[in-house]
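S.K.: What follows is the residue order along each chain.
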Amino acid sequence: MGFRRYLAQKTAVYAITFLFAVTINWLLPRLMPGNPIEAMIESNLNLGPGEKEILIRFYEDLYGLNEPLWRQFVNFWVRLFHGDLGYSLLYKAPVWDLIRHSLPYDIVILLPAIALSWIVGNWLGAIAGKNRRYDRWMMPLFYFLASMPYFWFAMLLVYFIGVKLGWLPYQGAYDPSLVPGLNWEFIKSFLSHWILPFLSLFVVMIGSWAIGMRNMIIYELEADYVRYLEALGASEKLMTKHAYRNAILPQVTGLALQLGLMVAGAIATEIVFNYPGIGILLMNAALSQDYFLLQGAFLMVVISVLAANFIIDIVYAFIDPRVRASYTEG
Amino acid sequence: MARESRLYKFRLALKNNKFRFGFGLLLFFIIFAIIGPLFTPFAGDGLYYEKLPGSNMEVATYSTRTLPPMTRETLITYSGRHVEVLHILGTDKLGRDVYAQLVYGLRTSLWIATLAAIIGTLLGITIGFVAGYRGGLTDELLMMFVNIMLVIPSIVLLILVAAYLEARSPEIQALIIGLTGWPWVARAVRSQTLSLKNREFVNLARLAGLSDLRIIFGEIMPNMISYIFMVGILQFSGAILASATLDFIGLGPTTAVSLGTILQKAIAHNALQFGWWWWFIPPGLIITLIITALFFINLGMEEVFNPRLRRGGE
Amino acid sequence: MKRYLALAIAVLLVGSLGGFAFAGAEDFPRSETIYTANSAPPTSANPFQGGNIIGIDGLVFEPLFMLNFMTTELKPWLAEKGEWVDSTTFEVKLRDGIKWQDGEPLTAEDVKFSFEYYEKLGLKKIEGLKEIKVVDDRTVQFRFSGQPNVWVWRSNLYTTLIIPKHVFENLDPEKVKTMTFLGDEQKYLVGSGAYKLKEVIQQQKSILERNEDWWGARYFNKPAAKYIIQLYISSNDQAANAFLKGDLDVATYYLDIAQLKSQNPNIVSWLDRPPYFPPVVPVVLYFNTEKPPMNMPAFRRAIAMAINPEQIVEQGPISDVPDQTPLGPIMENWKKKMDAPKLIEEYGWQYGNLEKAMGILDQLGIKDTDGDGVREYNGRPIELHFVTCAGCSDWIQTGEIIANQLKPLGIKVVIDKGDWTNFFMKKLNSGDFDLALHWAGTFKADPYSVYYSLMYYNNETDKGSANFGNYHNERANELLQKLSATPNEDEQVKYLKELTRIWLEDVPAVPVYTGTVFYEANTQYWTNWPNEKNPYGVPIFWPGFGTWGTALALLGVKPAGTPSPTTTDSGGSTCGPAILVGLALIPLALYRKRRN
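Chains as they are written, first to last, in the numbering used here: chain H, -5 to 324; chain V, 461 to 774; chain Z, 17 to 612.
Hints in this document: simulated from the structure, not taken from any laboratory.
Don't be surprised by glycine CBs; every beta carbon is placed ideally from N, CA and C.
One or more hints might be untrue.
As the list claims (entries may be wrong) - DEER-style ranges, computed between Cβ atoms:
1. K203(Z) x R51(H): 27 to 37 Å
2. F499(V) x L74(H): 54 to 64 Å
3. V430(Z) x R674(V): 50 to 60 Å
4. A2(H) x Y468(V): 44 to 54 Å
5. G175(H) x E143(Z): 44 to 54 Å
6. K214(Z) x L74(H): 30 to 40 Å
7. V68(H) x A233(Z): 46 to 56 Å
8. R239(H) x R674(V): 40 to 50 Å
9. E143(Z) x L185(H): 40 to 50 Å
10. R51(H) x K510(Z): 28 to 38 Å
11. E494(Z) x E47(H): 53 to 63 Å
12. R24(H) x S539(V): 45 to 55 Å
13. L74(H) x D478(Z): 38 to 48 Å
Using the sequences and the hints, build the whole thing.
M.R.: Encoded structure:
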C-alpha cells in the first residue's frame, strides 16, 4: 500500500516536471528576438532582388511560424504525440532522423567511457580510501585528472599521440574510404578511431569517480557503526564490505544521472575529434537558432534525465532502508 | 559553537598541508593575474599599442605570426619606431602575443568564476534553506523547481540570453552560469537544513519563541558556514569549467578574451596540426591547476571541519 | 555480484556497437574517387530547397545553362542556345539526345514542367512570366507580359534545375518541401546528369556514382572520377589534417594555405602566389550615408583616400589588392568592355593619399580646432563607430587597420563587436552604424546585381539588398531601370559605365580588399583543378554552388599520372543577362566562416 502511494506520488511529480520542462523548452526559443529564418536567408550570399521575401514566405509557411503562438503550441503537442519532433531548419531533415542517426555514436563512446570509468574509478577510490600509502600519491593524481577540462585533455591526446607520434587516427568515426559494415576492416578502423575519444573521456572521468568513492569510504570507515563492528572484533573484510556498500549508493545515483545526460552528447569532444555525434548537431542548432532541432534534442535530454531520476527513485525504494522508512512511516 | 573555535579552526586549516598547497597555488594564479602584465609590453588583446604624439590616441601594431615562446623580435610601429619585444609564450596565428592574452584571459576567467560562484551559491542557499526549513508544500514546490532546473541544460538559457543581448560580456556569462549552477547547492543545503532543523538547540530556540529568521541566521547558519564556504568553492571550480566549455563551443564572451576563447581560437586556426603547442597547452594547464588548487582547499577544509576525514599526522 | 556487473557492462558495450545499421561493405578505389567535404553533415538531398550534398544541383540534376562564377559567363548545358527572339520572348533550344537516368528522353515538356513546379513550390516567382509554350520537343518559349528584367531572367536559367515530369507529376509539392530524398525517397532522384546519388550514410558521407550512360559524354568529356564522396568534416582543424594525410582531394575550408603547402607540396589553390586563394570580389567599407558628415560625398572621398589597401592586404586577412570599383576580378570581362581603368583614372580617387585627403577635409571646414588630434564637425570631435561581428576576425582586423589609417587624418574610429544576427545585421539593417564591412553586395554573378544591391534605393523597404548605408541617387535608380530592360550588350556597357562613374564620384562605399573564397585541392590523385590560368570551373565546394560552376570543376578534373587529353569545350556563348537568384542555401558554411 505504502509503496503504491509512493509510486503514484513520484509519477505525478515527474509528469508535472515533464510538462513544465517541455513547455519551457518550447517557449524559450520563441521568446528570442530575431527571426531565425531571416537570419538563415541573410547569411545566404546569392540572392537577387525580391528573392528574399519569396524565401521568407516559403519557410514561414513550411514551419507554420506565421500562425498565432497558441496555435503553434497546440500543433507542437499534437505532433509530439504522433512522434513528430519537427523538421530542422538547418539540416533540412526531420529532427528525429537526425537524432536517431547520431545518437549511436555518442552511446558508443560515452557508455563505455562512463561505465568503465565508474568501475575503475570506484575501485581505485576504494583502494585509496582504505590504504593510506596509496592515497598519498594517488589522491593528487585523481584531483588533477578531475580538474582537467576534458576537451583540453582531448587536444593533448590529439597533439601528442595523433600528430606527434602518429600512432592513432583522431578524426571521424572510421576511415573515410570505408562504409559501415560487419567486416574486419571496418571494425578495425572503427576501433582505432574510437580509442582516443574514448580515452579522453574515460581518463578524465576516472578522477571524479575515484574522488567520490575515496571520500565516502573514509567517511564510512570512520562512522560509528564501523567503530562498533571493530569493537566487536569483526574482521577487516567485513567492515570494508559494509563501508563499501554504503559508499557505493551515491555513486550509483551519479552513474544514473550521467547515463541520463548521455543523450546530450559530448559536444567539445566531438568538436576535437570530428566525431559525428549529437553534440555538434546541438551546437550548430544553437548557433543558428534552429528551434526545431534544439527542441527535439532537448526533449530527448529531458526525457532521458527524468527517466534516469525516476528509475533511481524506484530502485532506492527497494534497496535503501532510509527511503523505505520514509514512505512506510508517513 | 563559539567564535574562538572557528578562528581556531581557521588556524588549523592553515596548518593543513592540503589546504596550504591549494591555497598557495590559487594565490599564485591570482597574483599572476594581477602582476602578470608587468612582464610584457603587450595589451590584453596581444597587440602592441603606441601613443601617437600630440594626441591621446593609441595605434596598434601586430607582431610576426606564430613565433615560438621566448622569441625576441623587433617591431616596427606605426610611427616607424623600432621596438624590441620579447614574446614570452610566442604569438598566435593573427600575430598577437599569447602570454599577454593568457594573463588577461586568466583575469576574465577568474572574474567570471567568482561572480558565478557568488550568484550560484547565494541562490542555492536561499532556496535550499527555505525549502528545508519550511518543509511541506513550499518544500515540494521548490524541489520540483529544482528538479526542473536540473534537467534543463544550461546551454538553452545561454542561447536565449545571448540572443537578447547585442554582445556577450563576461558578467553575462557569469550570470548565466550562476543561474544554472545552483540547483544541486539547493538540494544539498536543504538536506543539511533538514538534519539541523530537528536538533535540540534549534528546538530550544523555537520553544524560546525566536522568529524563523532569527533561527535561520542565528542558529542554523553558523553551523553551516564552513559547509557553505566549501559549496562556494565547488561552485567556483564548476564555473571555471563551465565557462571554458561554453567558450570552447563558441558561446564565450564577445567583449573580452578568456582562457576558453584562447583554446577555441587555437583549434579554429589548426594549432594542433601545425604544432603551435604554446597556443593551447598553457591555457588548459592553468584551468586544470586552478581547479586542482580549489579541490585541495576544499579537501583541506573538509578535514579540518569534519575531523572524521582527518588522517593522522597531517 | 561483481561478475554480473562485468557481464552486464560487456553486453552493453556490444549492444552499443550493434546500434549501427550495418550496410554491405564496399571499396572505393582511391584512384577513381574524388573526396570532398563539407562542414555540415549530409542530411538532405532535396534538390529544391538546397540540401547539403554537393552536386545534387549540377551533377545529378542539371540546369539549362551552367554559370561559371569565376568568369560570370553562362555555359549552355541542357540548352544548346537561348536568346531573346523579341523583347518579351525568350526561346530555349535543347540539345539533341538528352536522356534521363532512367532512359526516358528529356523534352521541352520537362522544362516547362520544371519552371512551373518551382512556382508551385513557392520557391520562385518569375515576375511577368505569362506563359511557357512548348514549341516542339526541343524548343520552348518563355513569354512575358511587359518588359522583363533580363538579368533576373538570366539567373533563373542556371538556378532552375530541370526535373523529370514523369517522376514528379505525381508528387505533391506540399510534401516535397520537407522531403529529404534519402532512404525510400531516393527513388525520386532521377536526374539527367553525369552522376547518380548512390548512397548517403546518414550524417557522415554521401557517395555519388558516375552515370555511365550520360548524354553529355557526346558534348563534353566523360567525367574521370567513378565516385565523388563528400565527407563530413566539421572543423578547419580536421580538414587541415585530412589534406595533410591525402584523405581529402578538394574542399572549401579556412586553412593556412601557405603552411599547408609547405607541409604537403601536392596542395594547390587558385593562384601560385600569395594569397593563393581565389580572390573573387571586393569587401567594401560602408558609410551610413544618411548621417552627417558622411552624407557629404567629399567627406567619404577623403576617407577613401586615407585608406591604404596594400597595408590591409599585407597585415590583414588573406586577400588581394582591390581597385576602386565594386566589381571584383570575376568580372574582368565586363570591366574590360567598360574600360574601367580609364574611368577610375578620370573619376576615381587615389588610395593612400593622406595629404590630399587632409586637404579635402580642410576645405570642407572640418578641422582640428582644439589640438587633440581629432577633427571636429559642428563643434564635436568626429568619432565613427565601426560595427562588426565578434567572430569575424578578418573584419575586426581590417577595422583595426582602417582605424589606424584614419587616425593621422584626424578621425577617431571605435570598433563595436557583437553577435552576427542580433547585433551586426540588426545594426546594418536599421542604419544604426557609421562604418561597416560586408561583401554581400559584391558577391554577385553579374554587374547589374552588384550595382542594384549596392545603389538601388526607392524607400526604406524597397532598396537593394546590400544597400546598408541607404545610399540614394535618382539617376542611379533610373540607370538601373534601363539596364534591367536591355539584352543589348552595347547598351548594357553604356549604362554600366555611367553607374561606375557615379560610384567613383559619390563613393557610396569603399572597396578595401578583395576577399577570397577558400579553396584547397590535392594533386596527388587528381590534377587539372581549375585555377587562375584555367578558370573552367568554380572552386567553391559548398552545397548549393553546383550550378554556379562547382559541377564544371568536378567534371573537369583528370586522374594524376595518366596522360590527359585536352578539353574539348563546346565554347560557351554568353547568354542574356540577369540577376542572381540563390536558392542555394549554404547557411552553415558561411556562418562558420564568418565566425572564425
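S.K.: Hint by hint, note whether the structure agrees.
M.R.: Verification of the hints:
{"no.": "1", "hint": "K203(Z) x R51(H): 27 to 37 Å", "verdict": "holds (30 Å)"}
{"no.": "2", "hint": "F499(V) x L74(H): 54 to 64 Å", "verdict": "holds (58 Å)"}
{"no.": "3", "hint": "V430(Z) x R674(V): 50 to 60 Å", "verdict": "holds (54 Å)"}
{"no.": "4", "hint": "A2(H) x Y468(V): 44 to 54 Å", "verdict": "holds (51 Å)"}
{"no.": "5", "hint": "G175(H) x E143(Z): 44 to 54 Å", "verdict": "holds (51 Å)"}
{"no.": "6", "hint": "K214(Z) x L74(H): 30 to 40 Å", "verdict": "holds (35 Å)"}
{"no.": "7", "hint": "V68(H) x A233(Z): 46 to 56 Å", "verdict": "holds (55 Å)"}
{"no.": "8", "hint": "R239(H) x R674(V): 40 to 50 Å", "verdict": "holds (41 Å)"}
{"no.": "9", "hint": "E143(Z) x L185(H): 40 to 50 Å", "verdict": "violated (58 Å)"}
{"no.": "10", "hint": "R51(H) x K510(Z): 28 to 38 Å", "verdict": "holds (37 Å)"}
{"no.": "11", "hint": "E494(Z) x E47(H): 53 to 63 Å", "verdict": "violated (24 Å)"}
{"no.": "12", "hint": "R24(H) x S539(V): 45 to 55 Å", "verdict": "holds (53 Å)"}
{"no.": "13", "hint": "L74(H) x D478(Z): 38 to 48 Å", "verdict": "holds (41 Å)"}
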